[in-house]
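Trainee: Sequence:
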Amino acid sequence: PAAQKTFVTSHASDPIANDTENDNNSIWMGTESQRSIFALTNENTAAPIFTDTETVWQFQKLDKDSLKGRLRIASYLNAQQDKLYFESRNRAVSLLDYALDMKRID
102 PAAQKTFVTS
112 HASDPIANDT
122 ENDNNSIWMG
132 TESQRSIFAL
142 TNENTAAPIF
152 TDTETVWQFQ
162 KLDKDSLKGR
172 LRIASYLNAQ
182 QDKLYFESRN
192 RAVSLLDYAL
202 DMKRID
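In our numbering, the protein residues as written are 102 to 207.
By construction, these hints were calculated from the structure, which means they are not laboratory data.
Mixed in with the good hints there might be a few duds.
Unchecked claim - Below, in silico cross-link-like pairs of lysine-lysine (DSBU-like), each with a Cα-Cα straight-line distance of 35 Å or less:
(1) K204 <-> K165
(2) K106 <-> K204
(3) K162 <-> K106
Throw the hints in and build the complete structure from the sequences for me.
Mentor: And the structure:
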């Protein structure tokens, strides 16, 4: 058997632009950092695996029923597990970028 736990280590959000006249073209950005721990729960002596990720969202309101956005997921090495941690200089070693289109469905 195995277990995984995820901890939110930080989060932030900020409205970047706000069109107060008609509430369109408003832009919001948010970030969240997480540390996940995966461990075997039986008699196995394998060390737990740690992963550190940062998620960044940006959404722009196009009209009252639609948004467009971007999602970036950055993964980092962990000093406790990876010998290359210091070579990476605390920079992301993996970046995933996604474009998002959302429409209200009532």
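Trainee: Please write out, lowest number first, the hints stated earlier that are contradicted by the structure.
Mentor: Of the numbered hints given earlier, the structure breaks none, since each of them holds.
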